[in-house]
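**Q** Based on the provided sequences and hints, a complete structural model is requested.
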Amino acid sequence: MCLVLHQLFYWWWRVTNNLLEQTPPDPAIAAPPVDVMAAITAAAMPTASDVMPAPPAAPATPRWLWFAVGALVTWGFWAFLPKLALKSMQPHSVIFYEALGNLLIAVPVLIYLRGRVMWHRRSVPIAAVLSIMTVSAFMMYFFALKNGPVATIVTLTALYPVIAVLIARVFLGEKLNRLQWAAVCSAVCAALLLAS
Amino acid sequence: MPSILALLVWGVTGFLNKIALRGLPPLHLLVYSAAFFLVNAVLVQLFHEGLEFNQTAALLAVAVGAAGSVGQLLFLMALRDGPLTYVSMISSLYPLVATLLAFFILAEPISLRQAAGIVLGIASIVLLVVARDKQPA
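The listed protein sequences correspond, in order, to chains B and H.
Our numbering numbers the first residue of the first sequence as 1 and each following residue consecutively.
Our numbering numbers the first residue of the second sequence as 1 and each following residue consecutively.
Hints in this document: simulated from the structure, not taken from any laboratory.
Heads up, some of the hints might be wrong.
[Unchecked claim] Listed next, the stretches of chain H that the computed footprint assigns to chain B, with coverage defined by at least 3 CB atoms under 8 Å from CB atoms of chain B:
{"id": "1", "stretch": "24 to 37"}
{"id": "2", "stretch": "93 to 101"}
{"id": "3", "stretch": "125 to 131"}
For clarity, every value in this text was computed on a predicted model and none was experimentally measured.
All residues carry an ideal CB built from backbone N, CA and C; glycine is no exception.
**A** Laid out in structure tokens, this is it:
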């Protein structure tokens, strides 16, 4: 428990410091996309920096890869930890403390923005509606998680981008390419398998 | 059934997020989301018997909220330098992490049908992410 909190605090500290240190990348000098498999392989290889002075060279693992893997791991914990919390509390209580946890990140972000949060007459009301729906979805997710297996429920709910794509198709007129249709079909099959 | 409802509602929120991001930068939206989330979480308490407190569970729930926001921030930071496809693909595999955690920590068994569903589900997420870069004009 303490280890998780310590790790979260460390991530928070790293994130906020990185945000403060970073400047927006110049598109003109932006690095080209890096092959992920090559980057992962390079990260797994032992380095010789411990035994001899390293020659000046480009870092083997791009920084964005660490951030992406960090997002993967933290979201994994985000999906799994409620199962443990729900053993001792009801979903409505877990939602409240989760909201406090959100503030642990939102407040430093607000400080980083120097308290100047933009106002947009359309987006802010949408954000308000969004949060109502998100809280409702979390309540349902927590009810499901309290009684069901983590793997099934997390995978099933992680398919929500398919719904978003279909809604965008209907309301925004966005066209789906073959890969997206394949994803939709695959998701429907997955949902049927997981829900049965 | 609740998980399918959550899937549908989250699908709509994914769409609305896209609309909201047209007018607000991600960090600003994160602040608004956290504030509104807290207001709604307080309102939810009115419909229930009262707020429970269990130290371990409360800390875990706080960690859930922090982990969700940290994940979002890390995702945004990865997107600043990295290619959208790879960043989204890597981070969208989080159900795999949750499944492994459940398997090792809670010793949850996984049936063959569930495993097939999980593999298909993750494949569809990856397909969607890959397809995003090949959106027709």
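**Q** Decide, hint by hint, whether the structure agrees.
**A** Outcome of the hint check:
With a cut-off of 8 Å between beta carbons, the stretch 24 to 37 of chain H has 13 residues touching chain B; three or more are needed, and the interface restraint holds. Here the stretch 93 to 101 of chain H counts 9 residues with a CB under 8 Å from a CB of chain B, which clears the bar of 3, and the coverage holds. Only when three residues or more bring their CB closer than 8 Å to a CB of chain B does the claim for the stretch 125 to 131 of chain H stand; here the count is 5, and the claim holds.
In summary, this structure violates none of the numbered hints.
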